Amino acid sequence: VIVAPPPERAREQSRARYPDDEGYVERDGVRTFYEVYHPSGWQAATGEPAILFLPSWSIVHSRLWKGQIAWFARRHRVIVFDGRGNGRSDRPNGPAAYRDHEFVSDALAVLDATGTERAAVVGISTGTRWALRLAAEHPERVIAQVIAGPSIAMTPTLGPKSVGATFEATGRARLAWRMARGMLGLVVTHPSSLVSRTARITARHTNPFDMARMFNRRYWQEDYRGFLEWFFGLVFVEPHSTKQIEDAVGWGLETTPDVLADTITGDYFLDRDTARDLCARVSCPSLVITGEDDIVTPPAWAAALAQALGREVLSFPGCGHSVPGRHPVGFNLALREFLDREVAV
Amino acid sequence: VSTVARPREAMRALYPDDEGYVERDGVSIFYEVYGTGEPTVLLLPTWSLVHSRVWKAQIAYLARHFRVVTFDGRGNGKSDRPAEPAAYEAREFAHDAFAVMDATATEAAVSVSTSAGTAWSLIMAVTQPERVLGAVFIGPTSYAVTEPAQGWMRAPFNERLDSYEGDNRYNRHFIREHYREFAEFWAALCIPEPHSTRPLEFVLEMAMDTTPEVILATFDAVRMDEVQSAAELFARGGQRLRRLALQVKCPTLVVQGDQDHTCLPEWGRALAEDTGGELLMMPGVGHSPHGRKPVRVNLALREFVERVAQA
Numbered sequence: 001v002i003v004a005p006p007p008e009r010a011r012e013q014s015r016a017r018y019p020d021d022e023g024y025v026e027r028d029g030v031r032t033f034y035e036v037y038h039p040s041g042w043q044a045a046t047g048e049p050a051i052l053f054l055p056s057w058s059i060v061h062s063r064l065w066k067g068q069i070a071w072f073a074r075r076h077r078v079i080v081f082d083g084r085g086n087g088r089s090d091r092p093n094g095p096a097a098y099r100d101h102e103f104v105s106d107a108l109a110v111l112d113a114t115g116t117e118r119a120a121v122v123g124i125s126t127g128t129r130w131a132l133r134l135a136a137e138h139p140e141r142v143i144a145q146v147i148a149g150p151s152i153a154m155t156p157t158l159g160p161k162s163v164g165a166t167f168e169a170t171g172r173a174r175l176a177w178r179m180a181r182g183m184l185g186l187v188v189t190h191p192s193s194l195v196s197r198t199a200r201i202t203a204r205h206t207n208p209f210d211m212a213r214m215f216n217r218r219y220w221q222e223d224y225r226g227f228l229e230w231f232f233g234l235v236f237v238e239p240h241s242t243k244q245i246e247d248a249v250g251w252g253l254e255t256t257p258d259v260l261a262d263t264i265t266g267d268y269f270l271d272r273d274t275a276r277d278l279c280a281r282v283s284c285p286s287l288v289i290t291g292e293d294d295i296v297t298p299p300a301w302a303a304a305l306a307q308a309l310g311r312e313v314l315s316f317p318g319c320g321h322s323v324p325g326r327h328p329v330g331f332n333l334a335l336r337e338f339l340d341r342e343v344a345v
Numbered sequence: 346v347s348t349v350a351r352p353r354e355a356m357r358a359l360y361p362d363d364e365g366y367v368e369r370d371g372v373s374i375f376y377e378v379y380g381t382g383e384p385t386v387l388l389l390p391t392w393s394l395v396h397s398r399v400w401k402a403q404i405a406y407l408a409r410h411f412r413v414v415t416f417d418g419r420g421n422g423k424s425d426r427p428a429e430p431a432a433y434e435a436r437e438f439a440h441d442a443f444a445v446m447d448a449t450a451t452e453a454a455v456s457v458s459t460s461a462g463t464a465w466s467l468i469m470a471v472t473q474p475e476r477v478l479g480a481v482f483i484g485p486t487s488y489a490v491t492e493p494a495q496g497w498m499r500a501p502f503n504e505r506l507d508s509y510e511g512d513n514r515y516n517r518h519f520i521r522e523h524y525r526e527f528a529e530f531w532a533a534l535c536i537p538e539p540h541s542t543r544p545l546e547f548v549l550e551m552a553m554d555t556t557p558e559v560i561l562a563t564f565d566a567v568r569m570d571e572v573q574s575a576a577e578l579f580a581r582g583g584q585r586l587r588r589l590a591l592q593v594k595c596p597t598l599v600v601q602g603d604q605d606h607t608c609l610p611e612w613g614r615a616l617a618e619d620t621g622g623e624l625l626m627m628p629g630v631g632h633s634p635h636g637r638k639p640v641r642v643n644l645a646l647r648e649f650v651e652r653v654a655q656a
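Residue numbers (the working numbering), protein chains in the order written: chain A, 1 to 345; chain B, 346 to 656.
Hints are computed from structural coordinates only; laboratory data are not their basis.
If you're wondering where the values come from, they're calculated on a predicted model, not measured in any experiment.
Any given hint might turn out to be false.
Mimicking SDA-like on lysine to any residue, the simulated pairs with C-alpha atoms at most 20 Å apart in a straight line are [said to hold, decoys possible]:
id: 1; chain 1: B; residue 1: Lys638; chain 2: A; residue 2: Ala70
id: 2; chain 1: A; residue 1: Lys243; chain 2: A; residue 2: Arg225
id: 3; chain 1: A; residue 1: Lys243; chain 2: A; residue 2: Gly318
id: 4; chain 1: A; residue 1: Lys243; chain 2: B; residue 2: Val640
id: 5; chain 1: A; residue 1: Lys243; chain 2: B; residue 2: Ala533
Which residues of chain A face chain B? A partial, calculated answer using Cβ under 7 Å [as the list claims (entries may be wrong)]:
id: 6; residue: His240
id: 7; residue: Thr242
id: 8; residue: Lys243
Ideal Cβ placement from N, Cα and C applies to all residues, glycine included.
Could you build the full structure based on these sequences and the hints that come with them?
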């Protein structure tokens with residue numbers, strides 16, 4: 001494994017809380033940076049259950065949870081880590097280093113290093129795959145799982161991430177052809193997906209050709225920032241999201257297009273049958289959260305995943321892909337309510 | 346007296362425990378009361394371009410610790426919009442404030458004002474000092490020091506121009522004919538911080554809750570028709586405010602954004618000095634510290650009010 005050093009980090013903004021403990025775990029020469037926040041609350045908080053906020057796609061890092069950390073750390077022991085490929089963690093080369101197994105093993109290593117026997121595990125977007133695998137494959141470590149905006153394609157949808165076929169394509173004509181073929185397939189097999197709420201909102205923010213053009217290795221190499229701005233414009237479809245977009249673009253710039261390409265050329269998508277199988281093995285309490293206007297991971301995916309888990313989906317009206325990032329108060333209250341209700345300490 | 350259809354209000358963090366109207370000379374003034382603590386904090390109106398929701402980020406927090414009274418200044422919100430300029434003179438706002446205090450059985454209060462509200466607050470503190478326990482001025486209006494004047498302050502206010510661009514939008518005719526654009530211009534001047542799309546939208550919503558006729562009446566109330574530009578008016582009005590400020594006996598606090606292009610940092614500094622008060626200078630902040638940096642301002646307000654109450 002060749003490990004590239006993290007690029008110069010942008011000067012960080014002030015935080016509501018600073019970690020009480022931080023460190024690195026190392027696996028196969030790849031270092032993963034973690035932070036621990038001890039409960040600082042008023043009423044002799046025990047810190048239990050500990051909450052592990054998982055990384056998401058390496059386009060961002062652990063600061064994605066900045067709207068959660070300080071509040072939950074009043075009562076709980078909170079653990080976050082930068083997923084390999086961004087933040088203060090290493091950026092190994094090659095897709096193999098970014099397979100699900102690696103992130104799941106990193107999470108377990110962080111739990112070990114922080115002396116955390118069990119934790120409530122919270123994942124968003126790409127991270128929901130790792131939450132699901134942890135809950136299904138390591139039930140002894142997971143007290144409860146929370147899944148927000150699952151990036152698990154449970155239903156066929158035309159979305160910014162459903163363009164894997166075009167990622168390596170070069171040339172406008174070829175891109176357009178691949179995209180058109182994909183759309184045609186969707187028209188034939190799942191016509192309703194083209195007139196869904198998700199499709200309508202998507203049409204307001206982007207178009208199929210842009211998706212193919214933007215989700216493309218060549219484009220990333222030429223205009224990485226342009227891609228980030230476009231992508232996070234789709235993540236934060238809510239009005240007045242300039243700050244969230246600026247933050248996220250800044251995190252995206254902390255890694256490189258090559259690293260990011262490696263993260264989506266491995267087993268980037270969890271197929272539906274594997275996801276269902278994993279859901280069937282989950283025994284801990286689960287909460288699935290979606291934003292009604294999420295066009296990155298459509299609410300239909302969350303609903304199908306919740307169904308597979310035998311749970312209701314909690315849907316936030318007027319919210320896009322990042323409920324915790326854009327609506328932290330609503331998200332935090334829902335998460336706390338879930339933990340209070342379902343987790344006996 | 347005209348009324349305007351009001352836009353649907355956004356959800357609030359806290360709703361008033363009591364509300365009502367007081368009437369002075371046929372003009373109804375709408376007020377709200379929150380909480381039951383001690384002492385009372387009176388959040389004053391400012392220019393009638395906006396209304397009492399400018400305090401929306403203060404009310405819920407302050408009401409946990411104190412009793413909060415606020416009211417819509419005449420000309421906006423749920424208060425009446427009298428037509429004649431004389432109805433918008435500073436003393437009218439000050440007397441509205443006393444009338445609201447009477448109606449809410451508020452013997453004395455800590456007054457908090459912003460921008461144009463500086464004038465009403467100073468009149469209150471000087472004319473009925475026993476009712477003002479302390480006075481907070483946030484981004485206080487034209488005060489004594491007139492230099493360096495901003496571009497908009499030198500714009501020909503009463504002159505009809507061929508076109509209105511940049512600072513020249515600070516113009517009577519532009520306001521009458523392009524009211525919405527004027528409100529957008531003014532909001533952008535007041536709130537220069539990045540990521541302010543919602544505050545800007547909100548100022549516009551409040552501005553559209555009144556009419557250009559009301560806004561022009563507020564200008565005529567300060568005799569804007571007799572001067573060339575705001576700079577000239579401020580030179581005059583600023584000295585008048587200073588004479589009042591020098592008579593203030595209660596504790597004062599001035600909160601000032603160092604990027605305030607509407608009410609200059611020099612004004613805030615001079616007012617703090619003249620009243621022997623504290624100055625909280627906020628770096629990178631424009632004309633709405635309370636709207637844009639509510640946490641910092643709320644902590645300062647609470648600390649000030651508690652200190653005044655103990656004295």
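Hints, one by one, checked against the model:
Only pairs whose Cα atoms come within 20 Å are accepted, and Lys638(B) paired with Ala70(A) is accepted, the gap being roughly 19 Å. Annotation: proposed proximity of Lys243(A) to Arg225(A) holds, straight-line Cα distance about 16 Å (limit 20 Å). Straight-line distance between C-alpha atoms of Lys243(A) and Gly318(A) comes to about 18 Å, which keeps the hinted pair within the 20 Å bound. For the hint pairing Lys243(A) with Val640(B), the CA-to-CA distance comes to about 17 Å; that is within 20 Å, so the pair holds.
Straight-line distance between C-alpha atoms of Lys243(A) and Ala533(B) comes to about 17 Å, which keeps the hinted pair within the 20 Å bound. Because the closest C-beta pair between His240(A) and chain B is about 4 Å apart, less than 7 Å, the hint holds. A least Cβ separation of about 5 Å between Thr242(A) and chain B falls short of the 7 Å threshold, and the interface hint therefore holds. Checking Lys243(A) against chain B by beta carbon gives a least distance of about 4 Å; that is within 7 Å, so the hint holds.
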